[in-house]
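Participant: The primary structure of each chain is shown beneath.
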Amino acid sequence: MIHYTEHLLSNGLRLLIHRTTDTPMAAVNLLYNVGSRDEEPDRTGFAHLFEHLMFGGSENISSYDRALEFAGGENNAFTGNDITNYYLSLPASNLETAFWLESDRMLNLAFSPKSLEVQRNVVIEEFKQRYLNQPYGDVWHLLREATYKVHPYQWPTIGKETGPIAEATIEEVKAFHNRFYTPVNAIMAVAGNVDPKTVVALAEKWFGPIPSGKPYSRNLPQEPAQTARRERTVERDVPANALFMAWHMAERKDQRYYTADLISDILAGGDSSRLTQKLVKEQPLFSDLSAFLTGDDDPGLFVISGRLNENITFEEAENAVTHEISQLIQTPPPEKELQKTKNKIESMLLFSQLKITTIALNLCIAKQLGDTSRINTELDNYLRVTPAMIRQEAALLFRPENTTVIYYKKNNTAPHA
Amino acid sequence: MLNRKIIPQTTISDLRNLHLPQPEFYRLQTGIPLFTIHGGSEALCKIEFVFDAGAAYQSKPLVASFTNTLLKDGTTTRSSLEISETLDYYGAYLEYYTTPDTAVIALYSLNKHLHHTVPVFIDLIFHATFPEQEFRLLLDQQIQQFQINNKKVQYRAAKRFKPLLFGKSHPYGQEVTEESFRIISAEDLRSFYATCYTPDNARVIISGNIDRNSVSLLNRYIPVTFEERPKTKQPEYFTPVSDVHSEIISVEHVVQSAIQVGSLTINRDHQEYAQVEFACTVLGGYFGSRLMKNIREDKGYTYGIGARMVPLKNGAYYTIAAEVAAELTQATLSEIRKEMKRLRTEALSIEELALVKNYLRGTLLRSFDGPMALAERFREMSDAGLDNRYYQKVFETIETISAQEILYTAEKYFHEDRISIVIAGRK
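For the protein sequence lines, the chains are A and B, in the order given. So the first sequence is numbered by this note's numbering: it starts at 1 and just counts up by one. So the second sequence is numbered by this note's numbering: it starts at 1 and just counts up by one.
Just so you know, the hints here were simulated from the structure itself, not pulled from any lab data. Note that this is a predicted model, so its numbers are computed, not measured. Just so you know, nobody snuck in bad clues.
Computed list of lysine to aspartate or glutamate pairs in EDC-like fashion (alpha-carbon distance at most 16 Å, straight line): (1) LYS336(A) with GLU85(B); (2) LYS409(A) with GLU318(A); (3) LYS278(A) with GLU134(B); (4) LYS355(A) with ASP369(B); (5) LYS278(A) with GLU85(B); (6) LYS281(A) with GLU85(B); (7) LYS336(A) with GLU82(B).
All chains should be modelled from the sequences, with the hints used to inform the complete structure.
Facilitator: Next comes the structure, spelled out in structure tokens:
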């Protein structure tokens, strides 16, 4: 059970506080309600580039990192499809430094042309390091493009290509900050060895004077139901063939989401799971195999991916996966098997609560999903799943017309694209 | 009106006042030393077995890591499936890895399930059988993984770096090649297991919200008598020749090159080690370091560049590594040299010195935060045969080191003409 208090500043900033005396540290998490799904189709990768620019100096502070390091802190950030998230931890005695830093860059950035130029290059190097210069590095570009025709989940956070990143202008950066980086569009959580009263006072002091901004109302085109199976074959310079299968699933707040998550565990969570036992160990078709959700707020993907062993055909591999899936559609899993996946989730949730940075992040995410108390009810959403619900969800999820397959073929002669 | 130009006061307590809790020490019935570090409010814990069974102890590459990985895949009384079925059912998970010196296998479990998970955990540590079938599966997986890694410039540069520094006949200089996968057998693992995974070569650390039950469970399930096993053979360490080497692994059609440079250096038991580590931090050990500031934040050549110390039990080196735009490989190298030269010629300003000190104070506070973090620090110390006096020296150094001392240290230990270089990609 995570204890927390909830506060609302008059400018609309939402603040969550969790106190624990087990640590000398404090963690601060700031979630902005903007992700790559909010980008224009011809400006993809911008939300992530912007995240880099948040470290390029703000109106009154020339270097965010330097000031934080001076207070003994460390920080990072990530951009996702749904949100952009900034987090830091520092000795609790220096908590005010975090408020000073975070409020200043919410208030206004320095918008330095030099910082924009450098970060464009840094992000392009990141694009190369993680997506171009890696075996299978482009698979998410392929998978998203194949599964989404309308919804902005069709591009990955890094962007479709490097072009728009190279062309980004200071005007765009300013407009983006004005539109999304406002109190009303942010959620803040503080966890650690802190006095909630002091935290509220600090929030009022540093964030209170920031103009609230206009609420952003998201109005994204929703992906229509897929009506026919999709396939794509690519050849790349990789050592092994790989199979990627994806199905559209329910949105994050739907009970079906949790049922699907348990299905992913039944199939490939742990060494004793069905796919791992049957297709990696007993009949070694795959050298590795996993099943997971993309975990998106809007309807996301259920993915099964694996690398094939030498001399195994795509057909054999795919048929074997399809066979296991159809078992689940025909017969509800035994109670004991379902209990196993629930126990695993319970344990995982408890272990994740050991870190104050995780608690602060999870508080923000729960609030973003509409209700902070979700942080304590998450487990119940899993526990209420029954074997019949698993069977029903599998039937709904794994419909042939809801399936997308990427055949990622090795071709040892072609240079990597 | 709030003046945002005024920096809030910061205070970080002097590290020398930091109280490091000592683990409690016991001996299990079999004589195995047990250390416990209690803390945290959730009813869960980590039980960790550490053996002197890292890569330095193997007679050919891969044996140490394969042995460690396959512990969980079959015992005299349980199949691989029975093991994973039980651990998965109780939501427990294993963590296992080898370092050059040690092999670690840890169980993470909720306390309420320990009486189910501990017997299985102890069984796989002390009665592993290394079934041929499981060995073949792992071998095929690892060959494929090796081929994939070989497509990564960063992996290829890193793989060559230690052999280059230590020499290939040194226990730390072994290198995995395609050949390594052909000459390894399940029998190699069994004999390595028999000599290295013995009670007299083991120590146990339990951290978390420790249930009294867990110690008695260990005592109940760890076998009291063992058949006579050969003693662990100590690796033959020797002092490697400190030469400057460079190597280019040419890879066509890459958009980035991986650079790794560095040199052998002094180890944690040396009286100047804490100073060297401090200087290494200034150079490339944090986000605001000189290398990051220059090569990423000023020039945008890379997504990231870092320098770090790698202290092993019987040798140490420092290394600087980055993946950079392929056409900027030489430009990056010359910037690295420039920064190394600057480290030994230009004294840190008062601000920079204060910044690094505060950064390190925060980092150390974090690294001792919570029972599992404390356990990790304690394990590193015990692996290296050191005790808390090591950290007292580190704390003292951070609090007192001067800009002059850093210049002296850099001059002695970080000379840009004495680095070995590996480049994978385009030169």
